[in-house]
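Sequences are here, hints too, so could you generate the full structure?
As given, the protein sequences belong to chains A and B, one line each in that order. Take any residue in the first sequence, note its place counting from 1, add 26, and you have its number in this note's numbering. Take any residue in the second sequence, note its place counting from 1, add 26, and you have its number in this note's numbering.
Simulated from the structure, these hints should not be mistaken for lab results. Be aware that one or more of the hints could be misleading.
Since the list gives no way to pick one copy over another, a pair counts as held whenever it fits inside one copy or between any two copies.
[Claimed, not checked] In silico DSS-like pairs for lysine-lysine, Cα to Cα no more than 30 Å straight-line: (1) K470 with K90; (2) K374 with K122; (3) K122 with K430; (4) K44 with K349; (5) K470 with K61; (6) K90 with K345; (7) K44 with K418; (8) K470 with K44; (9) K281 with K349.
2 protein chains.
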Amino acid sequence: MTNTAVLDELMTLVDPSKVLTDPASLEAYGKDWTKHYPPAPSAIVFPRSIEQVQAIVAWANRHKVALVPSGGRTGLSGAAVAANGEVVVAFDYMNKVLDFNAFDRTVVCQPGVVTRQLQQFAEEHGLYYPVDFASSGSSQIGGNIGTNAGGIKVIRYGMTRNWVAGLKVVTGKGEVLELNKDLIKNATGYDLRQLFIGAEGTLGFVVEATMRLDRAPRNLTAMVLGTPDFDSIMPVLHAFQGRLDLTAFEFFSDKALAKVMGRGDVPPPFETDCPFYALLEFEACNEDVANEALATFEQCVEQGWVLDGVMSQSETQLKNLWKLREYISETISHWTPYKNDISITVSKVPAFLRDIDAIVGQHYPDFEVVWYGHIGDGNLHLNILKPDDMAKDEFFARCATVNKWVFEIVERYNGSISAEHGVGMTKRDYLGYSRSAAEIACMKAIKAVFDPNGIMNPGKIFAPE
Amino acid sequence: MTNTAVLDELMTLVDPSKVLTDPASLEAYGKDWTKHYPPAPSAIVFPRSIEQVQAIVAWANRHKVALVPSGGRTGLSGAAVAANGEVVVAFDYMNKVLDFNAFDRTVVCQPGVVTRQLQQFAEEHGLYYPVDFASSGSSQIGGNIGTNAGGIKVIRYGMTRNWVAGLKVVTGKGEVLELNKDLIKNATGYDLRQLFIGAEGTLGFVVEATMRLDRAPRNLTAMVLGTPDFDSIMPVLHAFQGRLDLTAFEFFSDKALAKVMGRGDVPPPFETDCPFYALLEFEACNEDVANEALATFEQCVEQGWVLDGVMSQSETQLKNLWKLREYISETISHWTPYKNDISITVSKVPAFLRDIDAIVGQHYPDFEVVWYGHIGDGNLHLNILKPDDMAKDEFFARCATVNKWVFEIVERYNGSISAEHGVGMTKRDYLGYSRSAAEIACMKAIKAVFDPNGIMNPGKIFAPE
Chain A
27 MTNTAVLDEL MTLVDPSKVL TDPASLEAYG KDWTKHYPPA PSAIVFPRSI
77 EQVQAIVAWA NRHKVALVPS GGRTGLSGAA VAANGEVVVA FDYMNKVLDF
127 NAFDRTVVCQ PGVVTRQLQQ FAEEHGLYYP VDFASSGSSQ IGGNIGTNAG
177 GIKVIRYGMT RNWVAGLKVV TGKGEVLELN KDLIKNATGY DLRQLFIGAE
227 GTLGFVVEAT MRLDRAPRNL TAMVLGTPDF DSIMPVLHAF QGRLDLTAFE
277 FFSDKALAKV MGRGDVPPPF ETDCPFYALL EFEACNEDVA NEALATFEQC
327 VEQGWVLDGV MSQSETQLKN LWKLREYISE TISHWTPYKN DISITVSKVP
377 AFLRDIDAIV GQHYPDFEVV WYGHIGDGNL HLNILKPDDM AKDEFFARCA
427 TVNKWVFEIV ERYNGSISAE HGVGMTKRDY LGYSRSAAEI ACMKAIKAVF
477 DPNGIMNPGK IFAPE
Chain B
27 MTNTAVLDEL MTLVDPSKVL TDPASLEAYG KDWTKHYPPA PSAIVFPRSI
77 EQVQAIVAWA NRHKVALVPS GGRTGLSGAA VAANGEVVVA FDYMNKVLDF
127 NAFDRTVVCQ PGVVTRQLQQ FAEEHGLYYP VDFASSGSSQ IGGNIGTNAG
177 GIKVIRYGMT RNWVAGLKVV TGKGEVLELN KDLIKNATGY DLRQLFIGAE
227 GTLGFVVEAT MRLDRAPRNL TAMVLGTPDF DSIMPVLHAF QGRLDLTAFE
277 FFSDKALAKV MGRGDVPPPF ETDCPFYALL EFEACNEDVA NEALATFEQC
327 VEQGWVLDGV MSQSETQLKN LWKLREYISE TISHWTPYKN DISITVSKVP
377 AFLRDIDAIV GQHYPDFEVV WYGHIGDGNL HLNILKPDDM AKDEFFARCA
427 TVNKWVFEIV ERYNGSISAE HGVGMTKRDY LGYSRSAAEI ACMKAIKAVF
477 DPNGIMNPGK IFAPE
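Structural data, given as structure tokens:
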């Protein structure tokens, strides 16, 4: 733990009331949504300016204090957990939209701006911030950038990376770098901005970000389609992708749907029971597009790939169809799911899913497996539900064994052990399944360039040296 | 120069006939389109495989031989120039499309695949490779990646960076890194792929690239609009961008048009003489879109932003309108233009252009300035034409003075001294106008991670140590 004299010095760098050490704050700010690790920070500090962040980093370098960045703490990999006496740097008071340019469609955000806040800001200006996911209501832009957040619209809009026009960062050395200056074209050497996106705070802190906005989507329309088997989802994706510009292509299994139906507050999409469902979305800008969608649907039915389907005819129907997919994560949380967030190239999905189902089913026939995810991006969320009669500890111990098998299959398919949740602490020991030893060595050397004293979120992505 | 014994050893690593030292080859492969620097390589080597590239890099490390990558050599900044006894590594024999996946819409390319070849391959498969520019007929994919090539469709499709799904590189240490494995989502630490894009071969060589393709555009339609002044171009851009998804938004001045008209082989867009012209393009997928475009045009005329205009009604008319823009560079090359490729955020363009026009006009009223460029991206090509009665040396010496003023203005506007042509040697000494000393120090340290002996394209981006 950081000693009192050192913490007293920290209090001289910011408003002293913005350094918290009470147990409730340490508990609240020391963890993220993983909740695996007992939080144990030394203090929480709330900077109000870039200068204060710089002063905190300089102080941390002087005293070799480890810093952990803290945004909305909605992460699922422990990247924002402070379990080892670190000082948490929380961006809650750097939460303003600083500037907006309607012409350039850019918004300058402090890192603590909440994702939903940016989405609403865009909407108020007739524009659109397209990165969207379950935790948009509390996640912050700084955290989105640190994890290169993805979500449900990636098939059309890409990851957070695509929307970062420029970044101001304070590196682990305490230098302020102004990266890319919001330019569309800038061929002047290595694009360091890209390194900080997805770096989980291990190189430095994002202290300001210029985010791009897009035009507002026009008449978003969803279809939910039931398929006779998993493999049919792929030609359905291919058929729709060939004829429409999709804004989303999600899937879920009958088990996932059953859990959501069990809530009693969401109408079923249609009568027919199907083992798998696809939810797709597009802009029905005019009748031609809607007709194209219906024609594609009919083609899929004729081919036997689709058993039944429904298309939204109103904003309310659109929202209700999305609930079928969006409520899954929250609903299954009652069963203490063991979660994996994996990705492969899209064309490999069917074989990959079969291999994983086989290995889990073979060794743990009593485990209920719920599949869903962003299948248009090759991103699958594998959820293993805890049997009611099994103790939590035993369940997680057995899942850890499954984990290794899953990652071996991921490695065999050249996939990613973390599609969009980051590495943090939960995936750290498995990084070698997705990145080679040579790559990991390069990453560590790059970290040393920006953070020579290793004070920036140590133990995240890599094991501590 | 590399000594004979060392070159003899090089010949054992590849087919000996694939090491050239004859004067014609040294001359041809030692330069790019800049033609400023007398080429002086020691040899040209043509690897045929990743293993051969690795062997060449290992050899270069053993003997401290500098290597220069060579693709289509269409660069405009001297990044592929070998003026100091380097060995040129030319990828002409690694020029195959290795794989194609219709489902994932990805193509695995060797680095020597020519841009046009990839565009045609995509077309043959009903798809589209959207990065396009003047030198597509001879530039290679490896070079496109090394410079993060941009061009005329960036407003819709982004730079080359957006289309690189995965990279295999041989680093300056001789290691093969397989970066991102073609995944859409991959949150497993720093995205090293991004570092190699735009690195101009200073970190390693791209030896394989998986490029994404897009759906083919539908009924591309162009408009050319004449405006009463430069400032009117901006509200025109804003109006069209608000109502249509543009695939291009280019501009050129009356001087640029006059030069192209002087050729006699391109029809004028319309009768009205205007000081500035915008060329915009969109997919007229259906009548609604075409009507929207016409309504926007009428709105612009009513506002006084547009004096006259024309919309293509056929593929031939589309091509003819594009010639007005595409022929500029080739046409003005007869006047030995001094070229600058600069960018700023789009909203700053009018003030920026005025400042530069003022300073050039004030000091060199006898210089003819031709403006054109990708204005939808904030990317301007400033071309100063040599007066007929001025000697080339004097002209370039005077332009070098102009250059400094231009870059001072670029710096003041937070812009880029090289929007899409890279740094190479021509912009190296001006890098500080766009990147801070701290950033440049980080870049050099990153180079040392991948290329500790400094053998990879030394003297490009940065001055040699």
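30 Å Cα threshold - placement of K345 relative to K90: neither (50 Å within a copy, 63 Å between copies)
Within, between, both or neither, where K470 and K61 count as close if Cα-Cα is 30 Å or less: Only inside one copy: K470 and K61 sit 27 Å apart there, 40 Å across copies, limit 30 Å.
Homomeric proximity label, K470 with K44: Cα distance no greater than 30 Å: neither (33 Å within a copy, 38 Å between copies)
Status of K90 relative to K470 across identical chains (alpha carbons, at most 30 Å): both (18 Å within a copy, 26 Å between copies)
Within, between, both or neither, where K281 and K349 count as close if Cα-Cα is 30 Å or less: For K281 and K349, only the intra-copy Cα distance (15 Å) is at most 30 Å; the inter-copy one is 58 Å.
Homomeric proximity label, K122 with K430: Cα distance no greater than 30 Å: neither (43 Å within a copy, 37 Å between copies)
30 Å Cα threshold - placement of K418 relative to K44: Close neither inside one copy (38 Å) nor across copies (64 Å); limit 30 Å.
Homo-oligomer pair classification [K122, K374; C-alpha up to 30 Å]: between (43 Å within a copy, 24 Å between copies)
Alpha-carbon proximity context of K44 and K349, limit 30 Å: neither (39 Å within a copy, 62 Å between copies)
The structure is inconsistent with the numbered hints 3, 4, 6, 7, 8, although it conforms to all the rest.
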